[in-house]
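> Heads up, the sequence shown is in the numbering used here, so the first residue is 1121 and it goes up one at a time.
Don't read these hints as lab results, they were simulated from the structure.
Even glycine gets a Cβ: it sits at the ideal position worked out from N, Cα and C.
Some hints could be false.
Listed next, with one range per pair, are the computed distances between beta-carbon atoms [said to hold, decoys possible]:
1. Ala1284 with Tyr1367: 50 to 60 angstroms
2. Thr1427 with Phe1244: 41 to 51 angstroms
3. Thr1358 with Phe1244: 27 to 37 angstroms
4. Asn1419 with Ala1365: 17 to 27 angstroms
5. Lys1341 with Gln1436: 32 to 42 angstroms
6. Met1258 with Glu1235: 17 to 27 angstroms
7. Gln1411 with Pro1251: 36 to 46 angstroms
8. Gln1236 with Val1392: 45 to 55 angstroms
Here are the computed lysine to aspartate or glutamate pairs in the EDC-like style, where the Cα-Cα straight-line distance is at most 16 angstroms [claimed, not checked]:
9. Lys1326 with Glu1313
10. Lys1259 with Asp1125
11. Lys1384 with Glu1342
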Amino acid sequence: MTMTDSSAPAPEGPTGAAEAATPAKVDAQAPLVTLRLLLSLREAARILGLNGKTIENIRNANGVKIGISPKEKSCSDRLLEATGTIDAVANSLADVVKVLTADDANEDEAEPEPEQHVFKHLNFILPPPSPDEAEDPMKVKQIGNLRIIVTNSQVSSIIGSAGAKIKKLIDTHSSKLVVSKTFLPDSQDRILEIQGFPNSIANCIKDISQTLIKDDVLDTKEKRYYPHSKHSKDIHVTATVAIPAEYVGALLGHGGNRIANLRKYTRTKITVAQEPNQNNEREFTITGNDQKSVKLAQNMILKNLGTEKERRLEKQ
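Let the sequences and hints guide you as you build the complete structure.
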């Protein structure tokens, strides 16, 4: 397959945006999407740039909320998360590709061998592009790869019946796509790898995002991946919620049934302080194996509190 570069000449700067980019305008009515990328430590450093300048340029140029997860001890990967409109997120990830291929594109020597990682999920599934795969062989070094983290439900939606949807993406956008066969550790996430020119990848991401919204699988309750040391057997994420003592009984439910159901639904451990603090509040401590589950439990407790307050007001 020959890859074509449909992009217009990019402005100066490693991200394809001006050094002091004018903040992009955001359509308040457009649906928001969040996409996550798996990065090696080297890739994360390049995207961040000196003093975070490169990622700041991407953020400002595209009007997205974009950041990279903290570096974990003894961990070789980090996550990039971008949230915004479909176009904004897709264009920001195109800028990420430009950053990751910028140095290679400026080198005259032969394409270096792909970096090999101990953490197998960082190793690209697709082989490096060859000069005969690009319409202009001189531009082959501008072809990049992204590892998009997708849930198992999203994979089914992207591939489609008998692979029809993913084949259409490949043919339409002159890009290569492949999905990992194995899950990321302790999760139901897989890698969707896309290889192509930055603009082709952006257009591919736009179509994928539209599909996920249409199929209602953009936000699933499947267990998500977060970087952690391979030596860590148990990951503990903890959050606390202070609840006025007068509402604790209602949140626990008859015989603790309500809180037990919440524990089961969110797959978290929730303990309640026996005694109130100086503000006459009792702390609910939530512990789980991933941030999403803990956040879900926290939000549900606060929602139940709000519902109970409204119920009591109506009785007055």
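> Hint by hint, note whether the structure agrees.
We went through each hint and held it up to the structure:
1. The hint said 50 to 60 angstroms for the Cβ distance between Ala1284 and Tyr1367, and at roughly 52 angstroms that hint holds.
2. Checked against the hint of 41 to 51 angstroms, the pair Thr1427 and Phe1244 passes, with Cβ atoms roughly 48 angstroms apart.
3. Between Thr1358 and Phe1244 the beta carbon distance is about 35 angstroms. The supplied range of 27 to 37 angstroms therefore holds.
4. Look at Asn1419 against Ala1365: about 21 angstroms separates their beta carbons, and that is inside 17 to 27 angstroms.
5. Distance hint check: the CB atoms of Lys1341 and Gln1436 are about 36 angstroms apart, consistent with the given range 32 to 42 angstroms.
6. Against the hinted window of 17 to 27 angstroms, the Cβ-Cβ separation of Met1258 and Glu1235 comes to about 24 angstroms, which satisfies the hint.
7. Separated by about 43 angstroms at the C-beta atoms, Gln1411 and Pro1251 satisfy the suggested range of 36 to 46 angstroms.
8. The beta-carbon spacing between Gln1236 and Val1392, approximately 49 angstroms, falls within the hinted interval of 45 to 55 angstroms.
9. In summary, the hint linking Lys1326 to Glu1313 is supported, as the alpha carbons are separated by about 15 angstroms, within the 16 angstroms threshold.
10. Only pairs whose Cα atoms come within 16 angstroms are accepted, and Lys1259 paired with Asp1125 is accepted, the gap being roughly 8 angstroms.
11. Proposed proximity of Lys1384 and Glu1342 is supported: the alpha carbons are some 14 angstroms apart, at most 16 angstroms.
In summary, the structure agrees with every hint in the numbered list given earlier.
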